[in-house]
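Participant: Protein sequence lines, in the order shown, are assigned to chains A and B.
Start counting the first sequence at 1; every next residue gets the next number (this note's numbering).
Start counting the second sequence at 1; every next residue gets the next number (this note's numbering).
Just so you know, these hints were derived from the structure itself, not from any lab.
Fair warning: there could be bad hints in the mix.
Stated by the list, open to error - Okay, derived cross-link-like pairs now, DSSO-like style, lysine-lysine, Cα gap no bigger than 30 Å in a straight line: (1) B:K65 <-> A:K393; (2) A:K408 <-> A:K129; (3) B:K65 <-> A:K395; (4) B:K285 <-> A:K210; (5) A:K191 <-> A:K129.
Stated by the list, open to error - Pair ranges (Cβ atoms, derived): (6) B:E291 <-> A:F212: 21 to 27 Å; (7) A:F539 <-> B:D331: 57 to 63 Å; (8) B:I324 <-> A:G348: 53 to 59 Å; (9) B:S221 <-> A:T522: 40 to 46 Å; (10) A:P506 <-> B:A117: 23 to 29 Å.
C-beta: ideal position from N, C-alpha, C; glycine also.
One letter stands for each residue in the lines below.
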Amino acid sequence: FPQKTKHLTSETCDSNSKHPIGCYEINEDFQEELVIRPLHSGDIYASFQFRTVWETDFMKGNKVSHYRLFPKSLGQVISKFSVRELHISFTQGYWRTMQWGQPFIPSPPGAELWVWFQDSVTDVDATWKELTNVLSGIFCASLNFIDSTNTLQPSASFKPLGIGNETDHRFLRYATLPREIVCTENLTPWKKLLPCGSKAGLAVLLKSEKLFHSSFHSQSVHIRPVCQDRQCKSSSWELRQALNVVFDLHTSGQSKREWSLFKMFSRTLTEACPLASSSKIYIDVTDNPQEEQFELSPATPLLSQAVVLGDRRTFSVYDLTQQVTSSCLVPAGDMLRPLLHAERYVTGYGLQTGEIHTLMYNNHPFRSFPVLLLDSVPWYLRLYIHTLKVISKGKDNNPSYIHYQPSKDRERPHLLEMLLQLPPHSVTEVTVQFERALLKWTEYTPDPNHGFYVGSSVISSLVPSTVAMETNITMEQPLFSSFFPCKEESSYFARVYTEPLLVNLPTPDFSMPYNVICLTCTVVAVGYGSLYNLLTRSFQVEEPNPGLAKRIANVIRRMRGVPPL
Amino acid sequence: MGLLSDPNRRQALINLLTRLNAPICGMPVDWLVKTMQARGLEVFTQSFSRTLPFPDENTERYVVKGTNVYGILRAPRAPRTEALVLSAPCTPGDNNNQAVGLLLGLAHYFRNQVYWAKDIIFLVNEHDLIGMQAWLEGYHHTNVTGMDWSPLQGRGGSIQAALSLELSSDVVTSLDIVLEGLNGQLPNLDLANLFYAFCQKIGVLCTIQGKLQRSDWDSASGYNHAVQTMMLMVMKQASGRPWGDHGLFLRYHIEAATVKGVNSFRHYKTDATTIGRLLEGMYRKLNNLLERLHQSYFFYLLPSLSHFVSIGYYMPAFGLLAVILLLRALDLWVQLSAQPSRTEDGVAGTEQSNPGVLSVLTPLVISHLTGAALYMLPVRFQEVAVEHFPVSETEAVVLTAIAVYTAGLALPHNTHRYPDMGWRVLKLVALLYLAVLLGCTAVINFSLGFILALTLVPAAAYVTPHVPKALSAFFLVALSPACTLLFSVFFFQELQEMPVSFQDGWLLYLSVIAQGMLDHYLYGSLVFPLVALLVYPCWLLFWNILFWK
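Here chain A stands alone, though its shape is the one from the complex (with noise of 0.2 Å):
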């Protein structure tokens, strides 16, 4: 085994040397990261990525047992359910493209997982029932709701995004839970992760009390194998947790709009965490070159570049090695138009049929661009796939590619994936009809007058950059924007998701069949026992005493030969 060699080797490595992380550093590497941009709509949205990278391989049955960066209770999930790629989000909210662009790393509300699998897995769909409930336990979510019934295979939307070029989609599963709410039990796992929990660094900023009293919170964790160096000889896994939250100062009720990291998280940085590499914090003043919108204190000489999202952007950057706290006024902006934006909602009135509209945007003033359109729809909302209807600018868009998977009843949903090209300066229209299904009345949840969830649509879409995005993928580049591979120049990956939508399905009243139920009960007991106790009693004639008179008549009738009275 020449992997577990080389493990060996690293871990004899002299443990005096003046680097805690010194021998360690070809092998593991762990960074943290955070981004700060006060939003144009006068929000400030803070993004947190702590990267680990390991070269090690839980491929092929290889048994990896000794982990120190890396959490052991991930690396098993990888190693016993040969899993290649795994993607998981938690969300609380929604992303407000409109208001404030696009997110580093997108996400639907509620919780959402993606996996692909080695091609050594056999049985897909049971190793991922097994992962999901295992996952469920390290999260602490109800990922184990998780079944054929809201379970995808998409065949084009969800690539995988490290190496590798395997694309069957047999061995990709996608799943999103919409109604799934996050909280303090999600996150205090997910912190766990880390190498320096919440004991310093940066997630020492991590203060649920703070994170929930937000617009937007978002956590998700990514495994994927990535290229080691730029010839991409060997791999390497690389986990990445990243948490995103947009905190709204309107509602902090600060009448002055001034930020600082106390403000925000309640917590201040004192120290990066010992065991990372690289701690920084990203301030976006793309916005404010000449500082006239909002000052940072304590300034900082550095500055660096960086093209994330089709925008070159400039940010000042703190390293952790000394204290820093910041605080900025930000005055709101311009809405800032996003390229490609998005939004779903149902239409029509009455319980037996509706339409779901799915309006894209593209304001991009000259460029076209291809979208694909993931819609997954639960089987108990009946789609009539002949009503589907693709509009641009008032003319029928024919879809170049149409992937669609019948439902079948309580076994699995329907899947519609659509290759578009939106025009440039346009509003697409998808518009489907269905019918609302009447289920069984064990089959309704709790509160059925609540509605059913209907998961988020993904747009997934090469958008034009208005500068030279970077294809060659370098350790040096900050975090945030090296998530999505990039393959060429011209344009960036960037997805959308639209909001769940919810819907009512015909219930019946459910008090009903508690009065029947009292009522046949009632019914049942009382003619139950009287019949039973007809049943059971013996009854017998009592023959009463006759009298005197008639013993002597029926004497007299015997001896005559006349039957007795």
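Based on the hints, put chain B in the right spot on chain A.
Facilitator: Chain B alone, transformed into the frame defined by chain A:
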């Protein structure tokens, strides 16, 4: 609840109200957009236009163009699946300025709170019901009535509940809640209960049908008062009109009510702050709901805000009326099946006196064609009528309707081969028809069904060709749907303690007919087509029986 306990906020609200009290021409769309944006809402507008089928003389509208302005307060960490609506109609003049001011004040206050779990939509609609109809159709992307509206840009998911606010002055003596919506639909009773509970808690007088609740239930006058309140509700529900802006929400299964501020001559006044606290309380309650309001009744009548008559109590009364029809029909059925055996001796009689069901087809078709004419002609031929007679369009429409209605009475009556049996078959069919019709109406709109049953059932049960003609004809006409409407107009005015003279009553009657038609064309109310296409033809069948030769 801390709304407006802060003197600064109170001052801000007062400033807003004063600003709004300045006369405004039309709706200040730009100002509203700016004000809502300043309060941190996502603001959108929707423009709409609608040409009425004929001019509405009550509100002086013919070609309506307007703009709705709405701001969405996004709930933090909510995935845009549920929303609540607070709306205030903004009318030209300063009728409802206080409501708009209060709405903006509430938006400002709500924006700074952290507890919202559902998006809250603050809607200022122009041209009250027409604007509301445009907004709701735009939100749900339906088009029931052929209105032109621009599509909405922002949405908040499925709307769970809505309140519409109408205030005419900055102080009120009591708050009135209006529940009756389109086609007699009512919101869940829990919404009324919620309103009542908060009024009790805050100490505001609350009324329904403009009538206060009395504590003396047992006394005759107290009972009389409750009956009057309930009768008002029955009359309003039977009309099938939306009695406030909330009425159109009910079609989309959104529980909604209108809250009206009433400023009478009482000493004790309540200011806008208290109404704001009331609304804040109601919205927080609605915000906390996991499911839609569904636990309580959807079918009820209210003799007062704290008492209700459930469907289980009032339906038997209707059932007893409908049973009369069924018993009559059974009687005729027995007579008809017994007849052939009696005439078995006569050889020729068997075939002749056994009229098939087809024989009643002619009167059925004729009466329904008359009904269709009543439905179509008034609006279609208004131009012709205006050219030839010196009347306005509205008058032309109403008078044409009355003319068609009267002409229906004079239509040639059926000539029949079965003088004795024919009318029995026809009456049997008409009775069953009426029973089914009234039954269905009562399920959808109890009040309408009940009022129609009260007038039509005696006539239907009584009429035969053998009763005195002149007296019965008078009796039948007096119980016809048009006369029922006329009596209802007078009765309604009487109940509202605003009795009118016959002259005024007649004018009111004409405008009520026009309103009924407009409700149908503008909002999709079903009362006019129901009466014209089904009830009137059914009544004509009985008219036909009376004049059977």
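Participant: Using the C-beta atoms of F539 of chain A and D331 of chain B, is the stated range 57 to 63 Å upheld?
Facilitator: violated, 48 Å
Participant: Check whether the Cα positions of K408 of chain A and K129 of chain A lie no farther apart than 30 Å.
Facilitator: Distance of about 19 Å is within 30 Å: holds.
Participant: Is the Cα-Cα distance between K191 of chain A and K129 of chain A 30 Å or less?
Facilitator: holds, 25 Å
Participant: Using the beta carbons of P506 of chain A and A117 of chain B, state whether their distance is inside 23 to 29 Å or not.
Facilitator: Holds: the Cβ-Cβ distance is about 25 Å, inside 23 to 29 Å.
Participant: Please work out if K285 of chain B and K210 of chain A have their alpha carbons no farther apart than 30 Å.
Facilitator: Holds: K285 of chain B and K210 of chain A sit about 25 Å apart, inside 30 Å.
Participant: Is the distance from the Cβ of S221 of chain B to the Cβ of T522 of chain A consistent with 40 to 46 Å?
Facilitator: holds, 42 Å
Participant: Is it true that I324 of chain B and G348 of chain A lie within 53 to 59 Å of each other by Cβ?
Facilitator: The hint (53 to 59 Å, Cβ to Cβ) is violated, given that I324 of chain B and G348 of chain A are roughly 40 Å apart.
Participant: Assess, step by step, whether the Cα of K65 of chain B is no farther than 30 Å from the Cα of K395 of chain A, and give holds or violated.
Facilitator: holds, 28 Å
Participant: Taking the beta carbons of E291 of chain B and F212 of chain A, is their distance inside 21 to 27 Å?
Facilitator: holds, 24 Å
Participant: Against the 30 Å threshold, does the CA-CA distance of K65 of chain B and K393 of chain A hold or violate the hint?
Facilitator: Roughly 25 Å between the alpha carbons, so the hint for K65 of chain B and K393 of chain A holds.
Violated hints, listed in ascending order, are 7 and 8; each of the other numbered hints is respected by the structure.
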